[in-house]
Amino acid sequence: MKIGVFVCHCGSNIEATVDTAAVAAAAREFPGVVFATDTMYTCSEPGQDEIVDAIKEHNLGGVVVASCTPRMHEQTFRRTVERAGLNKYLFEMANIREHVSWIGKDREANTNKSVDLVRMATEKLLRNRALHPKKFTINKRVLIIGGGVAGIQAALDCADGGLEVVMVEKTSTIGGKMAKLDKTFPTVDCSSCILGPRMVDVAQHPNITLYAYSEIEEIKGYVGNFEIKVKKKATYVDWKNCTGCGICMEKCPSKKATDTFNEEIGKTTAINIPFPQAIPKKAKIDPAFCTMLKKGKCGICAKVCPSGCIDYEMKDEFITEKVGAIVTATGFDLFDWTVYGEYGGGRYPDVITSLQYERMLSASGPTGGHIKRPSDGKEPKNVVFIQCVGSRDKSVGRPYCTGFCCMYTAKQAILTKDHLPQSQSYVFYMDIRATGKLYDEFTRRAMEEYDTNYIRGRVSMIYPKGDKLLVRGADTLMGTQVEVDADLVVLAVGAESSAGASELAEKLRISYDSYGFYMEGHPKLKPVETNTAGVYLAGACQGPKDIPSSVGQGSAAAAKVLGLFSKDQLESDPQVSIVDIKRCIGCGKCIQTCPFGAIKEIDFRGMVKADVIETICQGCGICTSTCPQGAVQLQHATDNQILSEVNALCQF
Amino acid sequence: MKVININSSYNSEFVKEVEEESGQKLNLCYQCGKCTAGCPYTDEYDICVSQIMRLTQAGQKETVLKANSLWLCATCESCTARCPNQIDVARIMDVLRHMARREGYGGTGRVKTFWDSFLSSVKNNGRVFEVGLLVNYISHTGRFWTDIDLGPTMLPKGKIHFKPTEMQGKKEVEKIFMRFKEESAK
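Order-wise, the sequence lines are chains L and C. One point on numbering: in our numbering, the residue at position 133 of the first sequence is 137, and numbering is uninterrupted. One point on numbering: in our numbering, the residue at position 3 of the second sequence is 188, and numbering is uninterrupted.
By construction, these hints were calculated from the structure, which means they are not laboratory data. Please note: incorrect hints may appear among the correct ones.
[Unchecked claim] Quick list of in silico lysine-lysine cross-link-like pairs, DSS-like style, CA-CA up to 30 Å:
#1 385(L) <-> 210(C)
#2 201(C) <-> 421(L)
#3 469(L) <-> 187(C)
[Said to hold, decoys possible] Ranges of calculated distance between the beta carbons of each label pair, as one might list FRET restraints:
#4 422(L) <-> 358(C): 36 to 46 Å
#5 213(C) <-> 192(L): 14 to 24 Å
#6 190(C) <-> 248(L): 33 to 43 Å
Ideal placement from N, C-alpha and C gives every residue a C-beta, glycine not left out.
Pulled out of the complex, with its shape left as it was, chain L reads as follows (with noise of 0.2 Å):
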């Protein structure tokens, strides 16, 4: 094989400490290479042409480049070698970037190094085969997870796109954390007007199927064709019937059921429909609270049900359903912040969090939308709020910011002002983080016409004194310690990943970071991608994100989706495991590591051998380690390139 080698200056970010021309020069020396040089910039449009060049002049049979990570730029040179006429499989990449010149100064090191890089990568590329990818149907359904507002509005798109949608939502309605919201900033847009629509589209869409009150089992397949086992929760309640009346809940005796919508600012009854505008409108029971299903005595739902709806009986139920892609939009949950001793830990009625200070402010919720202390039900007077509870704190292993509290806190300082016009509001702030269209102004308006007292400090205690808390904190402009009587303190508490989502990460086979939140495919360039085809982030489950932000990301996943299935079959990666029957013995290792179950027992001619899946088959090279035979050979990755790689690198 006739191999070209083509050294990439990146500007200075790799020449200013690599010597790429004496690289090519000692390129020109290895086994098989015909031609070497050093390039500027060998991804851009003349730098691939040169390589299309010198494939065609030097009838160059494979092509090394040594330039950033194949992360990068793999695919743009397999595409360029595949320009010229070559299967591009007869590339390889040197990191002489990330590997090399990032990471030392040392000039003579680093170029000894991108040396050794090149000869490795042309050792290997001398052992490459022509590789083929395998062409396969796809289903062309799929699957959103989590009914908040960014996959309502992912479902949406894809369903109007023509696409069968299955939507399964873990609590008994859709509208996530955005259907608790009284208002909405900037514009203080009510909520649920905004979303109780979009919620009712999803309901009516002839294109959409919704799960709620269930979760993701189990995901088995690939890219294409997935298969999800949906867990439908016992509700008790036949939901084909249920009309949502609401006369069970009137009736219900055991009235002190967590109400988790209302975030426990009130109770509810254990059989309850969460809010008046909930999607789908049906009942479920609260076994941890039904004296029927605790006790066998009651059963009163069941006597008062106007459509015989009640099951006591009724016991959770698995759905398969075959989708072609994933969107994940599980959205956030709220810090604990009762970590937080100098906050009072929790022992303190009248501290409570700014998504209770929502439910309170909502005219639905369980104050109907009046403001009151949660320990003696008096109108406050002085309102402090704490921004950054759970937010951009080390201590409590929360560094970054949430993003969207200073905007929220700022709302309800308006709001405060508008239910009660003569009370007065405190906000302690790091800083300001409004960089959203009109955020700015928003928060400006909140002190210049509310009147809102902003005060740029954190707050290192509060304690009761009388029926008040007193706050003491700092107002570092001032350069002094304040204190605030308070009637009630919200606490704008951040976000984290929400429960469950590394358990659902390892199912979609996702990668997340050290907090849970989801990896998207690229920090730039691959927002809404992650690294397994097939499967795509909305929301607030990939970071923080505020509400145009989620409703954004929602659009561009089911853009992704619709793109797609834009075409009818896919091609497999043929980087994939291939038994090599004659040394084959049969003895099942492979099938028992393989983490994807794409290895099968086969019967050949009586004797039992081992068949992989291709389509299947995620190329993750287990089988290949674990056969005892050198029998499973990882293409593209085989044992011979991989030894020739090391003979490369140790010969001296």
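Go by the hints and put chain C onto chain L.
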């Protein structure tokens, strides 16, 4: 350092008065500090001008009116010129000085005496008469040796006059003082 109770020590009357007299809205100030950044007297101030603004916003009347900075302000108006929110900061400083005099804070003794000596010199001569100002100030404070070291340099350069210079419009200047007296008596 004092702990400030934001509610109980907030003097709303004071804030209202400053806003009315200056015609400025105090909560427009977002504490960027550009006024302090440009103020040429910050090194002499006890409280820098951006903190004067913050303390005024927070209704801290006594702290503000006791500040020496009010009397060291040269009214150069750099603060006003550079304020991104177009607040006339120098005007607020001026209003605070008036309030301080009216309410009997008046800066510390020497500063007050200097201002009085300066103004009476302008009133009597139409413009400041340095030697007269000096004599007046020294006789009230007893600081005989203050700035005496500047004499040998300034004298040969003809910078020290022993008689006030005659100027046009001296009567008009006096009338300004008369009018101020009448107006403030109302």
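Now for the hints, and whether the structure bears them out:
| no. | hint | result |
| --- | --- | --- |
| 1 | 385(L) <-> 210(C) | holds (24 Å) |
| 2 | 201(C) <-> 421(L) | holds (19 Å) |
| 3 | 469(L) <-> 187(C) | holds (20 Å) |
| 4 | 422(L) <-> 358(C): 36 to 46 Å | violated (54 Å) |
| 5 | 213(C) <-> 192(L): 14 to 24 Å | holds (22 Å) |
| 6 | 190(C) <-> 248(L): 33 to 43 Å | violated (51 Å) |
This entry does not satisfy hints 4 and 6, going by the numbered hints stated previously.
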